[in-house]
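2 protein chains.
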Amino acid sequence: MRRRGVDVSDVERVEGGRTFFWHGEYGWDLNSRETIDTQLGVFEGFQPKLSEGSRSSDVLFLANIQPELQHDVRAQLPDARFVALDSMNLWIDIARDSLVRAIGSVDCVILNDAELRQLTGKPNLVSAAREVLSWPATTGMRGPSVIVAKQGEYGAALVTAEGFFALPAYPLETVIDPTGAGDTFAGGLVGYIAAHPGAELSEELLRRAMAHATVLASFNVEEFGTERVERLTGKEIVARMKELHAMTQFSGAPLQLRG
Amino acid sequence: MRRRGVDVSDVERVEGGRTFFWHGEYGWDLNSRETIDTQLGVFEGFQPKLSEGSRSSDVLFLANIQPELQHDVRAQLPDARFVALDSMNLWIDIARDSLVRAIGSVDCVILNDAELRQLTGKPNLVSAAREVLSWPATTGMRGPSVIVAKQGEYGAALVTAEGFFALPAYPLETVIDPTGAGDTFAGGLVGYIAAHPGAELSEELLRRAMAHATVLASFNVEEFGTERVERLTGKEIVARMKELHAMTQFSGAPLQLRG
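So the sequence lines, in the order shown, correspond to chains G and X.
In this text, residue positions in the first sequence follow our numbering: the first is 1, and each later residue adds one.
In this text, residue positions in the second sequence follow our numbering: the first is 1001, and each later residue adds one.
No lab work stands behind these hints, which were simulated from the structure alone.
All C-beta atoms in this analysis are idealised placements derived from N, C-alpha and C, irrespective of residue type, glycine included.
Each hint should be verified, as a subset may be incorrect.
Ranges of calculated distance between the beta carbons of each label pair, as one might list FRET restraints [stated by the list, open to error]: (1) G:Asn89 / X:Pro1048: 21 to 31 Å; (2) X:Phe1020 / G:Lys235: 53 to 63 Å; (3) G:Ile94 / X:Ile1176: 26 to 36 Å; (4) G:Arg3 / X:Glu1200: 48 to 58 Å; (5) G:Gly121 / X:Val1006: 26 to 36 Å; (6) X:Ala1095 / G:Gly17: 28 to 38 Å; (7) G:Glu204 / X:Gln1047: 53 to 63 Å; (8) G:Ala246 / X:Lys1235: 29 to 39 Å.
Here are the computed lysine to aspartate or glutamate pairs in the EDC-like style, where the Cα-Cα straight-line distance is at most 20 Å [unchecked claim]: (9) G:Lys122 / X:Asp1072; (10) G:Lys122 / X:Glu1052; (11) G:Lys122 / X:Asp1177; (12) X:Lys1122 / G:Glu25; (13) X:Lys1122 / G:Asp29.
Which stretches of chain X does chain G cover? Using the computed rule of at least three CB atoms under 8 Å from a CB of chain G, they are [unchecked claim]: (14) 1008-1022; (15) 1084-1091; (16) 1115-1121; (17) 1201-1213.
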């Protein structure tokens, strides 16, 4: 990670404990998965301690963990210009109030579409997303203003006050391991915004970030674990973004007929 | 239908029988449905009799029915320039060989993505579509050369020898009745090609046909049965195609940074 320019100085090593462990089984078409075993290990007592450098970051991604921890970390970066949050069904089930409070403190929520429905009780994805977008007006909290619904092999949708955008997943004939695709997607999205500090947080930038996220996730599932992403190059990402662009374009102009 | 310029002269009235009847229940998010009762009625002994006018059509859509009937009708229009076929899991289960023969005689197959996986035994959608595209080379039959995978609320994908295209469904906050959305989609796709007799059957035309199909299906689900489609205007379709276009576009060019 250091070779890639990632600052890992805040990573904490805990003696005498084990790392997080997950054991699951994917369905035939990889669209469903069943958890067989989860062991939190040292993650159970995790209390993030942020260095001064981390606290001055202008972009923050709160990956899926207890909403209280997400809220605590978020509070340590009051001046961040863009904060995104991921979560999961578990926290909607057992810590919904904390999750809603954490969501109120961020700009962007990234969830699976089924989780968005569960969170809001609204079976319709657009209604569910608009419901979460309406929370700031009723709670007086900062956000969110951007909702991203992950849809697995079907791609992802972006809902903001300005409108709706949807992108299919990059089509692959060989999917080896979908584990971590959602995390890679979120990292690709937030990372794209972090990499453009001079750019306005426009619908246009968010759409490009969605494409970047989609492409990163597509590489991640091609091999086991992080194997493919470890040796991924910027050139490969740009090439696949161009391919994805070509796969989603059609002419909106009236058709010219021959003869 | 006559008011809309539809030629219904080949519609056959059978005495003493009942029309087709279907009773089903949709799941909470409308993404799944359970059939409670199906009564074929007069459809059970249906033997399509085509007039000379119908036999001279240059575009043919074989809606979902026994594959043998589809093959018989297709044989009555040997000179049609574009023939599309829809089917369902039932025929894959009980009449796979007949279905494969019918598919070999058409240009375009329109199926739900789960049905494409079932038909080919391939869990990956792209592999499944490419498998069906490879059949003409091994069987010496005419087709197919175009595969359309319907994905319900997630949209639809188009796979040809030239490439891959995917389009999200038009996002709706109010979905009243998804019954017939797949048929409306197929009709919208094939109808668009029929309405452009002078146009080459290009990837570009197929992509526009996909957008037209997506828009028609979106109107269909907004009200019960055919209520909404009955009073649909061309102007409304064009307006929604423009909206769908705006919802799917992003810039593939490198981002210009401010400052």
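Item to complete: Go through the numbered hints given earlier and state which of them the structure violates, listing their numbers in rising order.
Response: 1, 5, 6, 9, 10, 14, 15, 16
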